[in-house]
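Asker: Sequence:
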Amino acid sequence: MLCFAINKQSDPRDSMKTISENKKARFDFEFLENFEAGLALFGFEVKAIKTGHINLTGSHIIIRDEEALLVGVSIPPYQPKNTPAGYDLQRTRKLLLRKQEIKRLVGRTQEKGLTLVPIRVYTKQSKIKLEFALARGRGKADKRQKIAKRDARRKIELALRGKF
0 MLCFAINKQS DPRDSMKTIS ENKKARFDFE FLENFEAGLA LFGFEVKAIK TGHINLTGSH
60 IIIRDEEALL VGVSIPPYQP KNTPAGYDLQ RTRKLLLRKQ EIKRLVGRTQ EKGLTLVPIR
120 VYTKQSKIKL EFALARGRGK ADKRQKIAKR DARRKIELAL RGKF
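First residue of the sequence shown? That's 0 in numbering that gives the first Met the number 0, and the numbers climb one at a time after it.
Everything labelled a hint here was simulated from the structure, so no lab data went into it. Do not take every clue at face value.
Below are the SDA-like pairs computed for lysine to any residue, each with C-alpha atoms no more than 25 Å apart in a straight line [what the hints assert, rightly or not]: (1) Lys145 - Leu113; (2) Lys49 - Thr17; (3) Lys102 - Glu32; (4) Lys93 - Arg135; (5) Lys128 - Ala39.
Taking CB as the label site, the calculated pair distances span [as the list claims (entries may be wrong)]: (6) Asp64 - Ala158: 54 to 60 Å; (7) Asn81 - Thr122: 19 to 25 Å; (8) Arg143 - Asp64: 36 to 42 Å; (9) Lys154 - Pro79: 45 to 51 Å; (10) Ala158 - Asp87: 50 to 56 Å; (11) Asn33 - Leu159: 30 to 36 Å; (12) Asp87 - Gly51: 16 to 22 Å; (13) Arg149 - Tyr86: 39 to 45 Å.
Since this is a predicted model, take the numbers as computed values, not measurements. Backbone N, C-alpha and C fix where the C-beta goes; we use that ideal spot for every residue, glycine too.
From just these sequences and the hints, can you work out the full model?
Answerer: Structure, rendered in structure tokens:
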């Protein structure tokens, strides 16, 4: 009996499981550059995130005293009865980045109209990571234009399928 081993190259995204995504940010902002960072969390917050209890809507990233901070993210407790007293589910959390990355981000965010927006939270080799982007806000006209393009594309696809 012969056995053959297939050498399949593993895709790095295979080990990444998206936990939460900020879909509203894709509509409200134009992403210029994406970044990845770790999060400084408590143990019970890690458990809550891995079960999908995190909300990125309305959050943003600020840089203060050479530290990147995630503001406005809500992480409800994993087990409310076992959570420490005084736990703030909207507390500011530190992002784990190198100093040179933070300095680069400081320079880029000082340009007019640019901000740092969280896109998604995912696991990478059992660690929780945050993908965020340097983004420029879209105006109302840009949003309307995007909706019009999406609707036109939808109508064309329906017409090609023969459904009106």
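Asker: Compare the structure with each hint and give your call.
Answerer: Quick rundown of the hints versus the structure:
For the suggested pair Lys145 and Leu113, the alpha carbons sit about 20 Å apart, so the restraint of at most 25 Å is met. Between Lys49 and Thr17, the direct Cα distance comes to roughly 10 Å. Compliance with the 25 Å bound is thereby established for this hinted pair. As the CA atoms of Lys102 and Glu32 are separated by approximately 15 Å, the hinted pair is consistent with the 25 Å bound. Of the supplied pair hints, the one linking Lys93 and Arg135 holds, its CA atoms being roughly 23 Å apart against a limit of 25 Å.
Using a Cα cut-off of 25 Å, the hinted pair Lys128 and Ala39 holds, with the two alpha carbons roughly 10 Å apart. Between Asp64 and Ala158 the beta carbons are some 56 Å apart, a value that agrees with the proposed interval 54 to 60 Å. Between Asn81 and Thr122, the C-beta spacing of about 22 Å keeps the proposed range 19 to 25 Å intact. Distance hint check: the CB atoms of Arg143 and Asp64 are about 40 Å apart, consistent with the given range 36 to 42 Å.
With their beta carbons about 48 Å apart, Lys154 and Pro79 fall inside the hinted range of 45 to 51 Å. As the Cβ distance of Ala158 to Asp87 is approximately 52 Å, the hint placing it in 50 to 56 Å holds. At roughly 32 Å, the beta carbons of Asn33 and Leu159 sit within the given window of 30 to 36 Å. Checked against the given bound of 16 to 22 Å, the beta carbons of Asp87 and Gly51, roughly 20 Å apart, stay inside it.
Roughly 41 Å separates the CB atoms of Arg149 and Tyr86, a value that falls within the hinted 39 to 45 Å.
In summary, this structure violates none of the numbered hints.
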